[in-house]
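Undergrad: Please arrange chain P on chain B, whose structure you already have, making use of the hints.
2 protein chains.
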Amino acid sequence: MGLSAKQAYTNLKKRHAESAHLQGSASILMSDRTLSMPKGSAAERSQMVGVISAVNHRSMTDPVLGDWLEKAESEISKLAPIDQRNLELMRKSWVLSTAMPSDLVERGSKIRSEGRPLHAQQKTDRTGNWKDVEGWFKEAFDYARETGAVKKEVLGMPSIYDALLDGFSPGVSAKIVEAQFAKLDAALPDLIRATMERQKSQGGALPLDGSFHKSKQMRFNNWGVRAVGFDYERGRLDAITGHPSCGGSTGDKRITTFLDRGDFTKSFKACVHEAGHGMYYQGLDPDWAYQPVGGCQGMDIHESQSMIIEYQACMTPEFITLAALKAREVFGDAPSLQTGNLHKHMLNVQPSLIRVYADELTYPMHISLRAELERAVVEGELEVSDLPDAWNEGMQKRFGVQPENHIDGLMQDVHWYVGSMGYFPSYALGAMGAAQLFNAATAANPDIRPQIGQGNFKPLLDWLRPNIHARGCIVDASQLMKDATGETLNADHHVEHLKRRYLEEPGL
Amino acid sequence: MGLSAKQAYTNLKKRHAESAHLQGSASILMSDRTLSMPKGSAAERSQMVGVISAVNHRSMTDPVLGDWLEKAESEISKLAPIDQRNLELMRKSWVLSTAMPSDLVERGSKIRSEGRPLHAQQKTDRTGNWKDVEGWFKEAFDYARETGAVKKEVLGMPSIYDALLDGFSPGVSAKIVEAQFAKLDAALPDLIRATMERQKSQGGALPLDGSFHKSKQMRFNNWGVRAVGFDYERGRLDAITGHPSCGGSTGDKRITTFLDRGDFTKSFKACVHEAGHGMYYQGLDPDWAYQPVGGCQGMDIHESQSMIIEYQACMTPEFITLAALKAREVFGDAPSLQTGNLHKHMLNVQPSLIRVYADELTYPMHISLRAELERAVVEGELEVSDLPDAWNEGMQKRFGVQPENHIDGLMQDVHWYVGSMGYFPSYALGAMGAAQLFNAATAANPDIRPQIGQGNFKPLLDWLRPNIHARGCIVDASQLMKDATGETLNADHHVEHLKRRYLEEPGL
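As they're listed, the protein sequences go chains B and P. Take 1 as the starting number for the first sequence in this note's numbering and just add one per residue. Take 1 as the starting number for the second sequence in this note's numbering and just add one per residue.
Hints in this document: simulated from the structure, not taken from any laboratory. Glycine included, every Cβ here is placed at the ideal spot set by N, Cα and C. One or more of the hints may lead you astray.
In silico lysine-lysine, DSBU-like type, Cα no more than 30 angstroms apart, as pairs [unchecked claim]:
#1 P/183 / P/344
#2 B/458 / B/266
#3 P/152 / P/482
#4 B/39 / P/482
#5 P/482 / B/216
#6 P/14 / B/110
#7 B/216 / P/216
#8 P/326 / P/39
#9 P/123 / B/326
#10 B/14 / P/14
#11 B/39 / P/14
#12 B/214 / P/214
#13 P/71 / P/6
#14 P/397 / P/499
#15 B/14 / P/110
#16 B/6 / P/110
#17 P/39 / B/39
#18 P/110 / P/123
#19 P/326 / B/39
#20 B/214 / P/216
#21 P/138 / P/175
#22 P/39 / B/214
#23 B/458 / P/39
#24 B/200 / B/499
#25 B/39 / P/214
#26 P/397 / P/200
#27 P/397 / P/138
#28 B/200 / B/110
Listing some non-contacts, in silico: residues in chain P with all C-beta distances to chain B over 10 angstroms [said to hold, decoys possible]:
#29 48
#30 67
#31 81
#32 138
#33 175
#34 250
#35 265
#36 354
#37 444
#38 446
So here's chain B without its partners, still in its complex pose (with noise of 0.2 angstroms):
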């Protein structure tokens, strides 16, 4: 072949680019799903999504591309290293897609597809009756086991668990799991009751009284999106039922949030979370933004991201009486409105059964319990139906409680459901890593606080930009994060963080 090392190079960017583009083509398309496609469509495009997904698949996994990485790995000394780096990524992503056996890949699709529809009749049924999902869960779990299997094996991984975590959490391991939510498991639950106990001693808040209306909200919003750096000339904001979310292309995020009629401060969160997300997108370096090398890192990064402008920021006493302020200026005057009663409201801690609902500190203890599940059952360890009752145990020992609905205890969640064991550390690593990550940005810039008072991320984002976002992956995200805060992950960040805020800083 007469290909040369630095043509097969550029080859292989092209592919890479090609693909992001195609990933990015089915982001939208499901955007304008959800705000444009008339209702009669859907059938036609979920085969289109479906078409991109498998003629990209077909396009990375197409035998050429193996004989441009021999080629390009030849001569990859000459390569400067951020492009070596981007070759060993591609080789990473050339080895995982062409290792899993077509019939894994097609129990995936079955799985995922089959899964999504199945939690949402259960959600809709409540019924809550395990036998009606175990077997179900048994072949997801059984899937998951399988494909953690192969990924061990062509990785080199130590367990099938780290392979799964590797999934959506690269770079993190299972020991790595293990030992930061040991802190948590350690922590967590003495400091919940405790601030329960304060949070009663205090008084409880006043409902948020008031009628919240479509257009107030969303007014309310788009000021607190804005004012957290996302951009609006490459995203949007727009108001859905269903979950919020960040989808959208890299170019052109689009943020989704719910609203609640009665809660202005629930729909308030997710879009400032979602916009955490978004802004990390927005914040990659455009040169490679397209490459393995300049995009975005795992979950566990991502939700970094989203919680540090969420629980960080958003949740200081600093900002809360700037958006207290706000409030009524949108809303109208009301007593539940002032600033302490609202710095109450967002900051009560209520444990719960249901995982989306949990406040910041004790979201982290549901992700314990799932993580620690899961994790026994793909090594072996625990039988699926063993699960309800290690559920229940689970929840009475980290909560006092238990379900008395299996939909309000294992059932509840989708992941397991479509087969996506290891991603829930994702959410409880992305806490500590924000709570880590804006000690480290307050410690370089005592302004960012005050400044975020004032409605004014720009030094936060400044911050952020050179530190996380522009890096995107050309460091791991062990080291990124050692990069940027002087070590790797540690949850004592995060526990200390919750205790000051919980149990040391004075009402408003």
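TA: The following block gives chain P in isolation, referenced to the frame of chain B:
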């Protein structure tokens, strides 16, 4: 190769369906660009659509398709007739897409992507300096001539212009264009003169008075588009600035229209015209809609479907009477909205220099001029540098006027800037086809016109669906017309229609 003929054909069907969905995806991305995309995302969106086009091209010129075709064709007689036709069309598509040398493909991309902004610039500047574009026109004509020569060769066409026509109106020969256009050239100049005299003697229409607010115009437009039978479950209508269009995918048609605050009929006519295009897609046989045999015919038949709605149906006295009633309901009563005046207004004939503003009667003359000139240049009978004189001479002959500024002359339309020689005839072929089809439809079901007067287009659609829409490309365009009307395309129907409408029909 162990592949069976049956499997080879199945693979081909799958690949062609993928191609249709990729093209549909690109169209939805373009629609989203107009409806939802933030403006800072334009460059990425162009890349995205370019990638989809490139990936589709690569997929459809994959050498494996050549193997599949040979294999499938080896047992073509075992296939059902519709599959045989499908396979023939796949072969034609393969021959065409693999015949073009890559430098010609690249020149085509350049001419299309640079020609459009060049045209837009000229329209904005209005300097009309021929020397500024002469070189570009030469390049574009050279490109068209060379691609035509390749197509002539591989498809065995009688002439280069035949080959170019085939790209837009497959099955329509240069001979057909010449013969049918000659009938228009012979009849229309006199007819235009006679009509103008008649209209003068009847007194001109009052100008439409009133300010036609956007929301009211859209209410009126939506009423009309729904009335003519466009399915809003699989499509939508939006107001934009810029040219009206019918985009989107087969199962999700996106109609757009401009609004003119001073004359709501312009937008309305655009709407029902584009709805006609949309309804053609909506009427395709769903079992075959993404296969070559089940897609739409060329632009000639497509235009017949828009023009049968706009000109044949919506400009009947029956429908104008109904539309005037609706207009008064929506916009308020006014003398200029009385039935008789609206009828005069909509049928008003006034030769003008600009094709896109031309009325039903003068429009075909604009096309005949362009067709005559582009054929002559492509066939080497006329130099590009002689176009300005030839244009003015042709205008003088047809309309008795000629432009003072070339931007109102041969520089006005985008088609030649982007190398789309062979496109223009389809507009007039569509008008002819529409007249011929409407004659056949109303002869087969005399209730069609009265029902249109009731705002019920179902009887017309009930005829168009089995005779045109659902037949897709089962036969070629000539046979389609013959099957539907008993004869191949014949401009006499159009001429007769125009005479009836403009010289015989009484006022309202």
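Undergrad: Now tell me if each hint is right for this structure.
TA: Hint by hint, here is what the structure shows:
1. P/183 / P/344: Judged against 30 angstroms, a Cα distance of about 27 angstroms means the pair holds.
2. B/458 / B/266: holds (24 angstroms)
3. P/152 / P/482: holds (26 angstroms)
4. B/39 / P/482: violated (37 angstroms)
5. P/482 / B/216: It is violated: about 61 angstroms lies between the C-alpha atoms, which goes past 30 angstroms.
6. P/14 / B/110: It holds: about 19 angstroms lies between the C-alpha atoms, which stays within 30 angstroms.
7. B/216 / P/216: Given that 30 angstroms is the threshold and the Cα spacing comes to 27 angstroms, the pair holds.
8. P/326 / P/39: violated (37 angstroms)
9. P/123 / B/326: It is violated: about 47 angstroms lies between the C-alpha atoms, which goes past 30 angstroms.
10. B/14 / P/14: Holds: residue 14 of chain B and residue 14 of chain P sit about 26 angstroms apart, inside 30 angstroms.
11. B/39 / P/14: holds (25 angstroms)
12. B/214 / P/214: Between residue 214 of chain B and residue 214 of chain P the Cα gap is close to 24 angstroms, so the pair holds against 30 angstroms.
13. P/71 / P/6: holds (9 angstroms)
14. P/397 / P/499: Measuring from Cα to Cα gives roughly 21 angstroms; hence the hint holds.
15. B/14 / P/110: Judged against 30 angstroms, a Cα distance of about 19 angstroms means the pair holds.
16. B/6 / P/110: holds (26 angstroms)
17. P/39 / B/39: holds (26 angstroms)
18. P/110 / P/123: holds (20 angstroms)
19. P/326 / B/39: Given pair residue 326 of chain P, residue 39 of chain B holds - Cα atoms ~28 angstroms apart, limit 30 angstroms.
20. B/214 / P/216: Cα-Cα ~25 angstroms, so holds.
21. P/138 / P/175: Measuring from Cα to Cα gives roughly 25 angstroms; hence the hint holds.
22. P/39 / B/214: Holds - the C-alpha atoms of residue 214 of chain B and residue 39 of chain P are around 25 angstroms apart, at most 30 angstroms.
23. B/458 / P/39: Roughly 22 angstroms separates the two Cα atoms, so the pair holds.
24. B/200 / B/499: holds (17 angstroms)
25. B/39 / P/214: Holds: residue 39 of chain B and residue 214 of chain P sit about 25 angstroms apart, inside 30 angstroms.
26. P/397 / P/200: Roughly 22 angstroms separates the two Cα atoms, so the pair holds.
27. P/397 / P/138: holds (25 angstroms)
28. B/200 / B/110: Cα-Cα ~48 angstroms, so violated.
29. 48: violated (5 angstroms)
30. 67: About 16 angstroms separates residue 67 of chain P from the closest Cβ of chain B, which puts it past 10 angstroms; holds.
31. 81: The assertion about residue 81 of chain P holds, with a minimum of 26 angstroms to chain B.
32. 138: Fine: 32 angstroms to the nearest Cβ keeps residue 138 of chain P off the interface.
33. 175: holds (39 angstroms)
34. 250: Label violated. Min Cβ-Cβ 7 angstroms, cutoff 10 angstroms.
35. 265: Non-interface label on residue 265 of chain P holds, nearest chain B Cβ at 26 angstroms vs cutoff 10 angstroms.
36. 354: Given a closest Cβ separation of 32 angstroms, the condition holds.
37. 444: holds (29 angstroms)
38. 446: holds (33 angstroms)
The structure is inconsistent with the numbered hints 4, 5, 8, 9, 28, 29 and 34, although it conforms to all the rest.
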